[in-house]
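Line order of the protein sequences matches chains A and B. The opening residue of the first sequence carries number 2 in the working numbering; numbering runs sequentially from there. The opening residue of the second sequence carries number 44 in the working numbering; numbering runs sequentially from there.
Please keep in mind that the hints were generated in silico from the structure rather than gathered at the bench. No residue lacks a Cβ here, since even glycine has one placed at the ideal position from N, Cα and C. Treat the hints loosely; a few may be bogus.
[Claimed, not checked] Cβ pair distances, simulated, as ranges:
{"id": "1", "chain 1": "A", "residue 1": "Asn141", "chain 2": "B", "residue 2": "Asp68", "range": "16 to 26 angstroms"}
{"id": "2", "chain 1": "A", "residue 1": "Pro401", "chain 2": "B", "residue 2": "Pro84", "range": "43 to 53 angstroms"}
{"id": "3", "chain 1": "A", "residue 1": "Gln225", "chain 2": "B", "residue 2": "Asp70", "range": "17 to 27 angstroms"}
{"id": "4", "chain 1": "A", "residue 1": "Asp168", "chain 2": "B", "residue 2": "Asp68", "range": "16 to 26 angstroms"}
{"id": "5", "chain 1": "B", "residue 1": "Pro84", "chain 2": "A", "residue 2": "Asp24", "range": "42 to 52 angstroms"}
{"id": "6", "chain 1": "A", "residue 1": "Thr105", "chain 2": "B", "residue 2": "His76", "range": "18 to 28 angstroms"}
[Claimed, not checked] Partner residues are not named here, just some residues of chain B that face chain A (Cβ under 10 angstroms, in silico):
{"id": "7", "residue": "Asp49"}
{"id": "8", "residue": "Gly55"}
{"id": "9", "residue": "Arg58"}
{"id": "10", "residue": "Asp70"}
{"id": "11", "residue": "Leu72"}
{"id": "12", "residue": "Gly73"}
{"id": "13", "residue": "Tyr74"}
{"id": "14", "residue": "His76"}
{"id": "15", "residue": "Asn79"}
{"id": "16", "residue": "Leu93"}
{"id": "17", "residue": "Ala96"}
{"id": "18", "residue": "Asn97"}
{"id": "19", "residue": "Arg101"}
{"id": "20", "residue": "Leu105"}
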Amino acid sequence: MATEPVNDWATDYDIFDPQYVKDPFPIWDELRENCPVAHSGRWGGSWMPTSYEDIFNIARDVQHFSSRNVLVAPAGPPPDEAGAEAAAFQVGAPPITSDPPVHTWARRLLLPPFSTKAIARWEPETRELCRSLIAGFIGNGRADAAADYAQQIPPRVIASMLGISKDMANTFTDWVRGFLEFGLTNADIRGEAARAILGFLRERIEERREQPGDNLISYLLESQVDGRPVPEPHVLGTCFLLLVAGIDTTWSSIGSALWHLAQHPEDRARLVNEPELVPVAVEELLRAYSPVTMARVVAEDVEYAGCKMSAGDRVLMSFPAANRDPGKFPDADKVIIDRAENPHIAFGAGIHRCAGSNLARMEMRVSIEEWLARIPEYRLEDPDAVTWAGGQVRGPRSMPVVFP
Amino acid sequence: MRVRVDGEKCQGHNRCFSLAPELFDVDDLGYSHESNGGIVPPALEEKARLAVANCPERAIGLAEDEPSKE
Chain A
2 MATEPVNDWA TDYDIFDPQY VKDPFPIWDE LRENCPVAHS GRWGGSWMPT
52 SYEDIFNIAR DVQHFSSRNV LVAPAGPPPD EAGAEAAAFQ VGAPPITSDP
102 PVHTWARRLL LPPFSTKAIA RWEPETRELC RSLIAGFIGN GRADAAADYA
152 QQIPPRVIAS MLGISKDMAN TFTDWVRGFL EFGLTNADIR GEAARAILGF
202 LRERIEERRE QPGDNLISYL LESQVDGRPV PEPHVLGTCF LLLVAGIDTT
252 WSSIGSALWH LAQHPEDRAR LVNEPELVPV AVEELLRAYS PVTMARVVAE
302 DVEYAGCKMS AGDRVLMSFP AANRDPGKFP DADKVIIDRA ENPHIAFGAG
352 IHRCAGSNLA RMEMRVSIEE WLARIPEYRL EDPDAVTWAG GQVRGPRSMP
402 VVFP
Chain B
44 MRVRVDGEKC QGHNRCFSLA PELFDVDDLG YSHESNGGIV PPALEEKARL
94 AVANCPERAI GLAEDEPSKE
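Same shape as in the complex, but just chain B (with noise of 0.2 angstroms):
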């Protein structure tokens, strides 16, 4: 699973970073990103979906890992 956060979208509510620290980080004017290029380990799964249902401007997207073509 990866999370992204649209930087066009976000205003900085700073919902997601205090809900999954792991998963978010907020730059210098509390805007919102993903950390580890939105990687969502399984056990972090729960918190991203708190994150995607907690953000008041619908900014951050949930997509499952495609399986890989290699």
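Same shape as in the complex, but just chain A (with noise of 0.2 angstroms):
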């Protein structure tokens, strides 16, 4: 997308400029030295704090900074949008755009099937999944680690877990890409794709209605709170939050981790010879590669680091930029990839803490373990030809690789 280009990060930086999508990380060192909450105009205007200490404490103020609108540029129906389309953006997607007191009850209803325990059932289902998929390619000695490997991922786990055709997938990547990615910038193809998953998911809630089974849909249409069952647009809601939050992040934190690996044979050589260190490495992938930004928006006037925010500014909350803070970290732009003190935000910190953090990480564990046990020895064909994605997901979308 053509976009006016950059003079002054600090006063007018640009979260879709394709500098910042390729190599944000210089862009957050020169902001955090000189100005670590940096003001742009552009796309309906933001703070963006660079800071560790800073993006920590904003996250875990939930009384100045709403959740109520996440994406990093404003959401909201198109102008001509009215009557059942405007309402279905007025879903939301609880409950990460929540507050509390909603936000905890919505919270409480997601967090179990989502704890460690409980995603332990699809590891089986998910290394399989990773397997079938290498041995799709490995005889062509090249492969697409994006977009045959990592994106395939994420879609059929989190398919399965709604009891939804994993024939579904490159769909749900269609409709989450839409919303996430190209429709960021542009509120026709976000409502397109915002209509089509809605659509997609009252049909498969009427059935589950019809036919419960053990699945997402029908353990929230089961759920209680307060003695009652859960409202309907909730559980639209929710489903939409668990289609769109887990595809493209996952998929570029496994792309991001490939990536660095193909670069890197002696952090290669070192999982292959110590499996028992992945999930060490996958902190420090997820540290060194965070994938998502968030946003907040202000709920009353605040005076924060001597910035005067207004109610209703926003603030991007880049947990990729407080993960390479070297005020935190030391070595913050190495990968060590058995870093030992890693607290990483990569998942957010406070309330909103990623209600799926465990089966991202299971999922970066598995696909690394299976690559690397029948692709130990790749590398990038053409480091110029790798593509990336950024703004509200960063990630690589293209990136062929060789192997012997």
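Using the hints, build the complex out of the two chains.
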């Protein structure tokens, strides 16, 4: 997309600028040094802190910083939308778009099926999936590690959890990219994606009312809040969240991990020889290549770090920038594959800690283990050919690799 | 040495549980609490320190055992 070039990142940053999408790290380093809470009038206007402490503090201050709109570019129905479609946009995606007190019960409702112990159930299926994907291309000596592998994993796992056909996986990916990637700067694309997802989910919810099963939709329909069934719009909004939040986020993390390992044979060798190190490496790769930036809306006028923020202002929560703060992490710009002390906030901090973090970690660990078990030696076919998406979710979208 | 999870601060990141399952357990929602009254056997002291250092919410406290007065 065409954007005006940026001359001053402190006062006019553009999170969709090609330079920012491809290599945001030097930009964050400069901002942290010179203007730790930047501001820009672009894309609806926003503040952007870049230090770990500021982002940590704001994430935890839910009184001043609301989650009612978490998209990094302003959401909302296109101007000509009305009626049911406009209402659909207001469904929200609880609990990620909720503040207390709704957030409290909505989160309690959602957490049990995403606990570490509950997620373990999905590991064998995820491992099988990774193996069959690799079997599909290993004979070719090359693959697109983003499109043929990373991208294929999360939509199938969440489809299984929701009790929806895995044949829909590619459609889900298209919808989610329409909503969170292409649609971020284009309300028409976003609207079309949201309508498609909500329409599809409404049908699945109806099916599960008739025919309950062992899946997340039935779980939500059967759950009660204060002795009553969960309201239908809430079930729909939470299903929307489950579909939208876990696809390009985790796919981006898996892709970035494989991108790093493609270029660092010493790290690959370490993980091949010490597979027990993979969970530690996953945390370090999450820190160094955190995919997700969220937004907050200033709930009441507040002065933060010398910046006068007004109610309604938006704040971009660059968890990726926080995790590269040298004030928090020694050698922050280096991937230290066995980094022992790593309190990164790739999944956020405070009450909105990513509910799917245990699922994402399992998918990352299993996908890396399975890749390295079969393809311990590989490299980028052409480093310049790798394409990246950014803005809300950063990760490689095309990443051709070759292997012997 | 003893560990203690501050239930008000814990947000269920599960870092302590995955680093030191001998010292922590998680409930159905994924929130952590210390096991065995928080007592850390000497062999697990390093793991306890790692759990503290990796908690993104700074929710885990560590205390050296006070000498018994009895």
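Quiz item: Are A:Asn141 and B:Asp68 spaced within 16 to 26 angstroms by their CB atoms?
Solution: 46 angstroms, violated
Quiz item: Would the stated hint for B:Arg101 survive a check requiring a Cβ distance to chain A of less than 10 angstroms?
Solution: 8 angstroms, holds
Quiz item: Measuring from the C-beta of B:Leu105 to each C-beta in chain A, is the shortest one below 10 angstroms?
Solution: 14 angstroms, violated
Quiz item: Close enough to count: is the Cβ of B:Gly55 nearer than 10 angstroms to one in chain A?
Solution: Holds, about 6 angstroms.
Practice problem: Can you let me know if the beta-carbon spacing of B:Pro84 and A:Asp24 is within 42 to 52 angstroms? | Solution: Given range 42 to 52 angstroms: holds, Cβ gap about 47 angstroms.
Quiz item: Is the gap between the beta carbons of A:Asp168 and B:Asp68 within 16 to 26 angstroms?
Solution: Violated: the Cβ-Cβ distance is about 39 angstroms, outside 16 to 26 angstroms.
Quiz item: Are B:His76 and chain A close enough, Cβ to Cβ, to be under 10 angstroms, as the hint says?
Solution: 14 angstroms, violated
Quiz item: Once the shortest beta carbon distance from B:Asp70 to chain A is found, is it less than 10 angstroms?
Solution: 8 angstroms, holds
Quiz item: Should the interface hint for B:Leu93 be scored as holding, given a Cβ-Cβ cut-off of 10 angstroms against chain A?
Solution: With Cβ-Cβ at 6 angstroms, under 10 angstroms, it holds.
Exercise. Would you check whether B:Leu72 satisfies its interface hint, that is, whether its CB is within less than 10 angstroms of any CB in chain A?
Key: 4 angstroms, holds
Quiz item: Against chain A, is B:Ala96 within 10 angstroms by beta-carbon distance?
Solution: 4 angstroms, holds
Quiz item: Can we keep the B:Asn97 interface hint, with Cβ of chain A closer than 10 angstroms?
Solution: 5 angstroms, holds
Violated hints for the displayed structure, listed by number in ascending order: 1, 4, 7, 14, 15 and 20.
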